[in-house]
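With chain A's structure known, arrange chain B on it following the hints.
Here's the letter readout for the chains.
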Amino acid sequence: MESKPKNLSQLVGNEMKQPDASQFHDLTFKSVLDALPCYLTIQDANLNILFVNQTFMNDFGNGIGKACYKVFHGTEHRCSECPVQKTFADKQVHVAEEIILLNDDTVNQMIVYSAPLFDIFGRVSAVIKILTNVNMIKEVQKELVTIGQSFALLTHDIKNMLEGLEGGAYVVDEGLKDQDWELTTKGWQIVSKNVAEISRVTQDVLYSSKKRTPNFQSVKPSDVAHQAVELFHEKASTLEIQFISQLNPSLPHTTMDSPSMVRMLSNLIWNALEACDKDDQKPSHSVIIRADYYDKNHFMFEIEDNAEGMDETTQENLFKEFYSTKGDKGTGLGLLVVDRIVRNHKGKIEILTKPMTGSLFRTIFRIE
Amino acid sequence: MSDYKNILICTDLSEHANTAFIHAVDWAKKDNAKLHIFNVIMPDDPCGNSGAKKSSDFEDTDDAAANGEDIIQQTIGALKQEYKDSLNACLTDFEFVVKIGTPDVEIIKYAKQNRVDMIILGALGIPEKDRATRIRTAANVSKFAPCQVVVIQKNIQQAFGI
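Line order of the protein sequences matches chains A and B.
The opening residue of the first sequence carries number 1 in the numbering used here; numbering runs sequentially from there.
The opening residue of the second sequence carries number 369 in the numbering used here; numbering runs sequentially from there.
Among the clues, some could well be false.
Unchecked claim - If you want the ones that stay clear, here's a sample from chain B, every Cβ over 10 Å from chain A, calculated:
id : residue
1  : K373
2  : D380
3  : L455
4  : D485
5  : N508
Claimed, not checked - Simulated pairs of lysine to any residue, SDA-like, Cα-Cα distance not exceeding 20 Å:
id : chain 1 : residue 1 : chain 2 : residue 2
6  : A       : K346      : A       : H253
7  : A       : K296      : B       : D412
8  : A       : K346      : B       : G469
9  : A       : K186      : A       : L239
The hints are simulated quantities; they were obtained by calculation from the structure and are not laboratory data.
Even glycine gets a Cβ: it sits at the ideal position worked out from N, Cα and C.
Okay, chain A solo, but in the shape it has when bound (with noise of 0.2 Å):
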């Protein structure tokens, strides 16, 4: 009876000469490869594929003989950091995570894992290269760190904002012990808008902090701009800032979770009217929402004001959890909450911004 490789080692070690295709065709525990929940590659010291199993060929198809790099990430050079190549340096086992493009275009995030295959001279020979899809996990990662740090912000948020209440309502009942109804009105506007900031910032903690399932619907973008900009008319009044809306009603009918949508504008419009509140180098302020066609097929929302603008490192970090040049009066939540709207809808932002000069923020989607 012919003996059958244990593993692939051996398989490997028992030739002296390079390793080449045709060794790991019809191997018995092909199958048991082929099974594995993670894409599998054995590579020579070129870095070209030899052998690929099952679960690779699903996504990337058949990449024997091409160079990993190409395969993975699409580039005609090799990477910086290659586990691969560690390996065949050091014989060692080497762990990294890498950014993978699927066939599909997709992004993934992997967790890779090379360890050496000897010859009998203790040569390695060749590389097994393992990719386990960790997208998920990161995911959940995000998930959990964006509810922690939610926590931390939200108590600190709400205690600024009940000391504005107490703060407010101590003037209204001074106002009333006093019959002063000048003082009661002025304490009661220092109420409701702490009531509105705690309203918002847990909103977006929710939003951020909670997987929801959007729930679409057909209706006119203009419309649901038009709600969001009816939140905010007696703030740009109290602000002094000129709120124009300039919705398109001819925009037809498409589908979108219209209060996702409300929030989204709400959040942007909120930073736009705060960002002209902090400018004090111009003498007036306006904020511009319009809601109009991008091209035939798609529909564009943008908040556009002339605060003063960003410089290219606020840019930089605009969608990362918790960034806010507002200090202690923002979360950094808003544009997170922004980004994850956009992104359940499969739409596109795109930032125009010039220090000193203001900001535009136009959201991109298709009309459906």
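The following block gives chain B in isolation, referenced to the frame of chain A:
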């Protein structure tokens, strides 16, 4: 008066853009500047859900040919056909550049990356009845560009039949 070294003329081959082009050539000649003749093609899928590449990806991927390099080359060909004679007659330093994306975003990005010190563009681009987009390119470039911006209308005398 400033000496401009890199002048960006944005054109969609419209009447406004062609008038702007004449001014851009004059300006580049006067200042001995490099003229960047720039066109932006709006993508079929601006949200990138079909896997089509963004313009910024084209430099680094082999998929460029399949995804957009052909149309970029065709557009460069059209720009050359339209403008090369008048350019060869008076300028030596010029370059044709075509990007895929949203016009205002791509114009400003290119201007930042290439140290452009003046952008010249037509006031309106192609006639409103022929275009679906409501992007306010001239207004947005004027507001957010990192350099001087000159917006030029099509030949006014022709427009008023003078």
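Hint by hint, here is what the structure shows:
K373 of chain B, annotated as away from the interface, keeps every beta carbon of chain A farther than 10 Å; the closest lies near 21 Å. With a least beta-carbon separation of about 14 Å from chain A, D380 of chain B lies farther than 10 Å from that chain, consistent with its non-interface assignment. Separation of L455 of chain B from chain A is adequate, the least Cβ-Cβ distance of about 30 Å exceeding the 10 Å criterion. For D485 of chain B, the non-interface assignment is confirmed: its Cβ lies about 15 Å from the closest Cβ of chain A, beyond the 10 Å cut-off.
For N508 of chain B, the requirement that its beta carbon stay farther than 10 Å from each beta carbon of chain A is not met, with the minimum near 6 Å. For the suggested pair K346 of chain A and H253 of chain A, the alpha carbons sit about 17 Å apart, so the restraint of at most 20 Å is met. Using a Cα cut-off of 20 Å, the hinted pair K296 of chain A and D412 of chain B holds, with the two alpha carbons roughly 10 Å apart. Using a Cα cut-off of 20 Å, the hinted pair K346 of chain A and G469 of chain B holds, with the two alpha carbons roughly 17 Å apart.
Distance hint between K186 of chain A and L239 of chain A is fulfilled; the C-alpha atoms sit about 15 Å from each other, no more than 20 Å.
In this structure, only the earlier hint numbered 5 is contradicted, and the remaining ones agree with it.
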